[in-house]
Amino acid sequence: MSKYARIYKIYLKMNLYRFLIYRNKVMMAFLANVTYTITFVLGVKFVFDELGEVGGYTAEIFIAYMIMMQLWWSIHTVLVRKNMQFLAKAINKGQLDFYLLKPVSLRKSLPVISVRFVDIIIIIFDLCAMVLLVDFSQFDYADMLLSVFFLGVGVAITYFFVSVIVNMTFWIGRNDFFTLLIGELAEIVQVPAVFFPPVLKILFTFFVPALLFAGPAVEALWRL
Amino acid sequence: MEKRFKSIHQCQLIYKLIIKYLKMSAVIQVKDLTKTFKVYKKQPGLMGSLKGLFKREHKEIRAVDKVNFEIGQGEMVGFIGPNGAGKTTTLKMLSGLLYPTAGEVEVLGYTPFERKADYLKQISLVMGQKNQLWWDLPAIESFNLNKEIYEIPKERYEKVLADLIEMLDLKEVIHQQVRKLSLGQRMKCELVASLIHTPKVLFLDEPTIGLDIVMQKRVRQFIKEYNKKYEATVILTSHYMDDVKEICDRVMIINEGKLIFDGELDSLVKKHADYKILNVVVNETVDRSDLEGLGEIVEFNDHGFTLNVKRPETSKIAAAILEKFDVDDLDVNEPKLEDIVSEIFENGRTK
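These protein sequence lines are chains A and B, in that order. The number in my numbering is simply the position in the first sequence, starting from 1, with 181 added. The number in my numbering is simply the position in the second sequence, starting from 1, with 20 added.
Check each hint, because a few of them may be wrong.
Straight-line alpha carbon distances no greater than 27 Å define the calculated DSSO-like cross-link-like pairs of lysine-lysine that follow [as the list claims (entries may be wrong)]: (1) K179/B to K194/A; (2) K61/B to K274/A; (3) K62/B to K270/A; (4) K270/A to K136/B; (5) K61/B to K270/A; (6) K278/B to K58/B; (7) K141/B to K270/A; (8) K263/A to K290/B; (9) K61/B to K51/B; (10) K194/A to K200/B; (11) K194/A to K263/A; (12) K274/A to K249/B; (13) K179/B to K184/A; (14) K184/A to K141/B; (15) K289/A to K136/B; (16) K200/B to K263/A; (17) K291/B to K86/B; (18) K265/B to K237/B; (19) K220/B to K184/A.
One-sided excerpt, in silico: chain B residues whose CB lies under 10 Å from chain A [said to hold, decoys possible]: (20) S115; (21) A137; (22) K141; (23) I143; (24) L157; (25) K167; (26) E171; (27) Q197; (28) H217.
It is worth saying that the hints were derived from the structure and are not from the lab. Backbone N, C-alpha and C define an ideal beta-carbon position, used for all residues, glycine too.
With the rest of the complex left out, here is chain A:
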């Protein structure tokens, strides 16, 4: 096994052990996510039973969009957010010394230094919810692959922004506001682009590309 494969394996193992130690915390985080999903789905079904369709979005598409946003957020948390928060905290508290003096690249090990396994469970839950609530027989494989690709692009966009912000910590010290920005943007784009006026659509697509986090992944499936 190569050096980094072994290092990835052991970091993931240690994160898994840490996850298994705090069972109650894990259970609560998981239940909170399940409750949120069920409540949201019931709410959407109730609203769309009255409205029928909005801008091409049916209840099914809206639910898929919501689950895709959660998927994006969970993948972003596992691969980007937690690790970048760890890096920002290490820079602020002067704890980077230990990592800089280890004979491994910090950049290469960063994706696995701080992994929350509860988010991996939430990803699995979201995927199951997607399969249960969306009729996948209406899509062909090309659409599904394109959807996965756009989801990856959404995660890559947030990785780019967050890594620029976190690297600024070396010069400007604490920058909690900026790292919270991604969360705030995710709140804004809880609803799809079709619900935004044209000006905000342009703003959140080309300048602050929040609508690209999960929207294109859904639009690729239904070719909206």
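Once you've looked at the hints, dock chain B against the given chain A.
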């Protein structure tokens, strides 16, 4: 026959000298090492803070100022100085965490700030106030992580781990969560994590800070044992003089970025303290005036007195006291290292 014997003997002497030279060849070489920091000089008050938004004044601080030294393999060197003297900054430049502003530094033939993997596998930095162990997991997991990071072969890892655990008496503790350990236990586990890859050079930045007396002694003992067993070069910074006295043969004193002393501990005492301390306990009442001409009176009470006497006259004055008074006990001590170092710091500050 005699000529042949003499030449064999000469060859043996030369061979021994070569071996001694190789052993003492410099592991750390520092030449005119300098580090300056630019810090923002904030004006006091609200107006000062508002002014600082638009125009800032900066001050340049020379944390390390043209420091020169060499350290050989296996040496144990104490690096002492008052707060802000430049000790940790120097250590960070030697380990590769900081880039020097000027000068040259070489450790084990490497340039530290390049932080090459081969260099990092041979050094370790232990900071008394910081912890690399995973808080929520038993210490053994952090040791296993370091095994993979340093690519330590399994057999060597198990042997070294067993050695270190025995030396530090950690058998009962390594499977407990780190957050449930006492500070002393955590420090010992920290030492194991830092030494599991048997580094050749150890940088110890206040390793005994916050520990109780028993634990301090234990850590000092361990460092000496480790140095003896693995021939590691040790550089130690500490505010506890006992750390330096018990561990180090050589001491370097840094003050305001400048190296003001570099030599053996004994010569530090002899160079900077031209006196010895005589503690005398007497069985009779002594008048203060009876002590005139014997030395500087440091302490005086009904049961005895303490004098500072000039080094060359110590024996003569001790004999005079034994003759003059009914002495119950008399002992001759070197001045306290703490007092000498404190005096050096004070003189350094006023210069």
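Please list, smallest to largest, the hint numbers that this structure does not respect. 8, 9, 12
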